[in-house]
Amino acid sequence: MPEVLHPRDAVSPVPLTAHGVTLRAGAMRESVSLAAFRGQADTLRAFVGKEFDVDLPDTPRSVENADGITFIWAGPNQWLLRAAPGTDLLTRLSPCAAFAALTAQGDSRTALELRGPGARAIAAKLVPVDLHPRAFAAGDVALTLAGHIAVILRQVDDTPCYEFLVFRSLAQSLHHELHTAMLGGIPQADRIS
Amino acid sequence: MRLNCPCCGPRGLEEFTYRGDATVRRPESPTAPAQDWVDYVYLRDNPAGPHRELWYHGAGCRSWLVVTRDTRTHAISDVVRAVDVARADKEGAGS
Amino acid sequence: MKLLRQGKSSASGDPSQSMRTTTGNGIDTSRTIHFTFDGRRYAAHPGDTLASALLANGVRLAGRSFKYHRPRGILSAGAEEPNALVELRTGARREPNSRATVTELFDGLEAASQNRWPSLAMDALGINGVFSPVFTAGFYYKTFMWPAAFWEKVYEPMIRRAAGLGRAADEADPDIYEKATTFCDVLVVGTGPAGLAAALTAGRTGARVLVCEQDSLPGGRLRAEHGEIGGMPGWQWAEQAMDELRQMPEVRIMTRTCVFGTYDGGTYGALERVADHVPTPAPDQPRQRLWRIVARHAIVATGGIERPIVFPNNDRPGIMLAGAVRTYINRFGVTPGQRAIVYTNNDDGLRTARDLHRAGATIAAIVDARTTETPLARDMAQLTGAKLFMGGAIADTYGRLGIHAAVIREHSGLTQRVPCDLVAMSGGWNPELSLTTHQRTKPVYDETLCAFVPGTMPAGMRSAGVANGTFATPDCLREGTTCGQDAAQACGFSATVADLPAAGTESYAIVPLWHALPLDRPARTGKAFIDFQNDVTAKDVRLAAIEGFRSVEHLKRYTTLGMATDQGKTANVNALAQMAEQTGSSIARTGTTMFRPPVQPVAIGALAGAARGRHFKPDRLTPTHDWATEQGAVFTANGLWHRAQWFPRPGETHWRDTVNREVRTVRTAVGFCDVTTLGKIDIQGPDAATFLERVYVNAWRRLPIGRARYGLMLREDGFAYDDGTTARLGENHYVMTTTTAHAGSVMQHLELCHQWLWPELDVRFISVTDEWAQLAIAGPKSRDVLRHIVDPAFDISNEAFGYMAAATVTICGGQEARLFRLSFSGELAYELAVPARFGDALARLLMKVGAPYGIAPYGTEALGVMRIEKGHPAGPELNGQTTAHDLGMGRMLSTRKDFIGRAMAARPALTDPARPALIGLVPVNAGDELVAGGHLLPAGAQATAAHDQGWVSSAAWSPTLNGWIALGFLSNGPARLGETVMVHNPLGNSVTAARVVSPVFVDPNGERLHA
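Chains as they are written, first to last, in this note's numbering: chain S, 1 to 193; chain F, 10001 to 10095; chain Y, 20001 to 21011.
Hints were generated in silico from the structure; no laboratory data involved.
Please note that a few of the clues may not be correct.
As the list claims (entries may be wrong) - Derived EDC-like pairs (lysine to aspartate or glutamate); straight-line CA-CA distance at most 20 Å:
1. F:Lys10090 <-> Y:Glu20751
2. Y:Lys20848 <-> Y:Asp20762
3. F:Lys10090 <-> Y:Asp20762
4. Y:Lys20617 <-> F:Glu10014
5. Y:Lys20897 <-> F:Glu10028
6. F:Lys10090 <-> Y:Asp20379
7. F:Lys10090 <-> Y:Glu20760
8. Y:Lys20897 <-> F:Asp10036
9. Y:Lys20848 <-> S:Glu30
10. F:Lys10090 <-> F:Asp10021
Stated by the list, open to error - Which residues of chain S face chain F? A few of them, derived with a C-beta cut under 7 Å, are:
11. Leu16
12. Gly75
13. Ala150
What the hints assert, rightly or not - Residues on chain S that point at chain Y, a partial pick, calculated with CB under 7 Å:
14. Thr91
15. Arg92
16. Ser94
Note that the structure is a prediction, hence the values are computed from the model and not measured.
Note that beta-carbon positions come from the ideal geometry of N, C-alpha and C, so glycine has one too.
Work the whole structure out from these sequences, hints included.
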């Protein structure tokens, strides 16, 4: 009888709330990096369009298809796909292997979600990019820093809710920094009416 | 200072790593004259004025960039992806 | 007429506020709060500053000066204050050098004067004033020149005690700070008439506007003056404008926020004092918040700073800036004196007479440096009944702890002594233009205004109002409106400008006045202060000029003018004007010193933000971190990573006991260690092998699928850079490992090689360091343990899965994993990688299934001992100064391909056999300790640099060999095996004889590896 390996969360799944903003670890997702080989981006785009019925974004954005698979721009000709467990992304993507590098990333990154009316003001304590709705809307993505930690930041919806995809080994630190930022409150200039 | 990454948009200095002179190019062959290698590895101009430099957007899209910066004012007049510059140079040299 | 005396508070602490003679627009007189100053209790009202509250209570003496310990009072009512620096709060929250003029009072505030002993009124070091010839310009350089030893032991401690400012707290700061970034289209700095007009105009366009006001209340000088805007008092108009701004959805307002610096690319620094105005911040509330503001356009509407007039003994308590006197009257309802002399060179100063008169004070005299009477001067004299001295000057003052008389010199030259308890002086206004100059654009001198005004502006910046040299209120409103409109338009927002509110205009009519007395007059004898904070006088400037320090930058360094907390805000222009006078040059040609951020002091704590103490930098935790913590592991930092250093067990009294046991466990049974921290880079693409050939010194094309190989990288200069193993997982698929330390930099290096050097190569890479939990399982029993974990479908026998094999396998009934047969310890060993979420479970499983084999976890220390025993180079050997030849890897350098570092590595100096090369060392006398860092000398040689032949890079106690061993680099080393050399350790002052041996101490033939 083989031994069973039990997965362990990178951070506590218990949500934390302060000043109307909630921080929680996102559920474990399947994730695959897709990087087109030289001159193969169009081929890859065509495949993904056919297989998943979605246009791979060319700018820092994310799109979601009808199956709930998220396609996140992750650099020039590179995307991070995230899907519910059991989607078996690698198998569905295997025909791409001829024209793109496929790399499992499901354990590389932990998702931390910051949600609430004050989430933008709290995120601004760590993230040095403009998150104003005129500059950054639902679906938009930024590869940037949260404090000293590199993240893939994505606005999930207009609550607003932000998803920080952080390297697993740094998830506890980012969780701590986000929580500290939450406890520090909403700055006067950002009072939420 | 802020650099307008062609992929990510304007970002603060903290996301970038400076490397230096983007005008020196690696000799094509390991057997090129020793002086060419010494020039490439060690010798740098230090112009007062516009300078083309390599920067790395390490905290962002991981693109190497060729940034034209005025060393007197930090005014940034141009930012392009290094890979585009390198490819154009190689194609130019090959034709 | 009763003149003021110090300290009206009675011993019982009865709050009198005797000088609170009128109502102020910025205080709430319905409530009374209390504070202490030097232990005495006083009353005040919410809205007071510490300065206004002290003045309200008749306290004029606020501190002692820096060099001469002269009694000083409150000069200003703003951030420019050079004199009234105090310590606030007590214990860990004690903060020195706080400006009383911008310290918002709260109930229970404890403040103390500084730089005095034993007490403020009776200061022993006031004697410095008597010895003042010693303390003239450049006194540091002249007086304390020699003997050198005296500097540390005598002079410096003496100066520190005598001339120091306040005392920092002895304990760690208990408060928290945070940082944030914000963006806007238009940043408006200041909420005087110009700033508010700009903000309203820009805000109405729908542009994103950020308004920063350093004060707690809006209005700027409108709070200090009587003028009306739009038919209401100016301060009311300001509050109304602020209310309107608050209603605009895209306008954001930060009060108590000082924009302190302009940086490249439209970036600004600002400090928000979140909780400085309350006794202690709320739980978790930051005390201050550092903002980085990124603005497409900025409007600097920061107003102006009034200049003192330079006259003998112009520093006594009770001599104040005229504008500050009006602030205390109109905003705080405090009349700072009952019998005042107004001394001015402009119309603005004259209005102080009116405000003092309305507040009930007597105007003893109006001294106007201008020789031609202006209508306003005549009106003011008539209104107040004061004697008017046109063309007059104050030639001297009296009063030890506060002024009680001034000597007025009439235009004719006659002098008379006039009793007074207040001198309100105005030397004219300097635009506060610091923010416009931080990008090295220089201000220009305006002869009409007798002041510097902004010159060429940085891109995306405008200035408006007094900051721009525009003084009359209607002009400020107009200019602010225009700036707001232009800035919004530049951001793509069109503005329809509303009608400007009506406002009365004010005359100014300034004449230059840089010293009260003519240049040639011998009466210029008393100390006429220019820089109050640094005790720099007119004579010091003159001396500097005579000694040749004529550049303003030299003047600053020589006299200390313009240094310290106020950065010469009230001093600089007077000083350079005097320098111009001394050198016969113009002020425009003399120029100003460079302004640098910050405009006002910023606490280091605010700059650090939340990144302090344990959270100074982020922590990277391995997948087995929690498990290792449960095991009682001791952790060590390895870059950002926390790695288990060793796992102590009960009964082990010294860490070396633990490490020795861990090493013996691996050498005789089996151990495991988390090596997730090694950088792992997934490399794919048709040109992946070519790419590896370019970045590694050795060949890669023929590496079969399912095999791994050791690789060495050089820098382009030919020195060793990084090493690790790379395994081939598929036709075009490799996984590279790097050292923990260089994981990030190797990634950057690979990107450079790919994007810049060889963009034609078709290859992609991505970090998988965090994807896989990778555990090294090492020891003769490691295969036995693995058989319990790896699914039986995979044959891991030595024959099927030999040394340097690599494969994707499944474990525990189908879980995908990667298995590598790699060894850093020299034993039969594997590295097993599982998705990171299972790392913790894998460690627990290894403990369980390995128990019958005597398994134990080991940490980085045992890892280090074993790699030294095996002669594997690590960080101390790959130190950036060693070559492949030095490391004994010269033969790895391929000559059939180009690779990074190849050409430069071939330089004769880098391949010279006389270079120190890797060797092993053992002590000649068993039991002698070898120490890393020791120098290698030939036997019998003197310990001099000329005899230095190398160094010890790594040393360890080897439990396997039962003795000390070391790795080192020795000149001609590999040819000297068997020779005895001396290890000289200058730190421990020891010399140890050591024998040169092969660097591979354990299993030199690699039999265990291949077992």
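Right, here's what the structure says about each hint:
Annotation: proposed proximity of Lys10090 (chain F) to Glu20751 (chain Y) holds, straight-line Cα distance about 17 Å (limit 20 Å). Taken as a hint, the Lys20848 (chain Y) and Asp20762 (chain Y) pair is broken in the structure, with Cα atoms around 45 Å apart against an allowance of 20 Å. With a CA separation close to 15 Å, the supplied pair Lys10090 (chain F) and Asp20762 (chain Y) stays within the 20 Å bound. At roughly 15 Å between alpha-carbon atoms, Lys20617 (chain Y) and Glu10014 (chain F) fall within 20 Å of each other, so this suggested pair holds.
Only pairs whose Cα atoms come within 20 Å are accepted, and Lys20897 (chain Y) paired with Glu10028 (chain F) is accepted, the gap being roughly 12 Å. Distance restraint check for Lys10090 (chain F) and Asp20379 (chain Y): the Cα-Cα separation of roughly 82 Å exceeds the 20 Å cut-off, and the hinted pair is therefore not satisfied. For the hint pairing Lys10090 (chain F) with Glu20760 (chain Y), the CA-to-CA distance comes to about 9 Å; that is within 20 Å, so the pair holds. Taking the CA atoms of Lys20897 (chain Y) and Asp10036 (chain F), the gap is about 18 Å. The hint holds against a cut of 20 Å.
For the given pair, Lys20848 (chain Y) sits about 29 Å from Glu30 (chain S) by alpha-carbon distance, which is inconsistent with the 20 Å threshold. For a cut-off of 20 Å, the pair hint linking Lys10090 (chain F) to Asp10021 (chain F) stands: about 18 Å separates their Cα positions. Look at Leu16 (chain S): its Cβ only gets to about 26 Å from chain F, farther than 7 Å, so that hint breaks. Satisfaction of the interface hint for Gly75 (chain S) is found here, the shortest Cβ-Cβ separation to chain F being roughly 4 Å, below the 7 Å cut-off.
Because the beta carbon of Ala150 (chain S) sits about 5 Å from the nearest beta carbon in chain F, less than 7 Å, this interface hint is met. Proximity of Thr91 (chain S) to chain Y is violated relative to the hint, the smallest CB-CB distance being about 12 Å (cut-off 7 Å). Below 7 Å, beta-carbon pairs count as interface contacts, and Arg92 (chain S) has none with chain Y, the closest being about 17 Å; its hint is therefore violated. Against a cut-off of 7 Å between C-beta atoms, the interface hint on Ser94 (chain S) is violated, since the closest Cβ of chain Y lies about 12 Å away.
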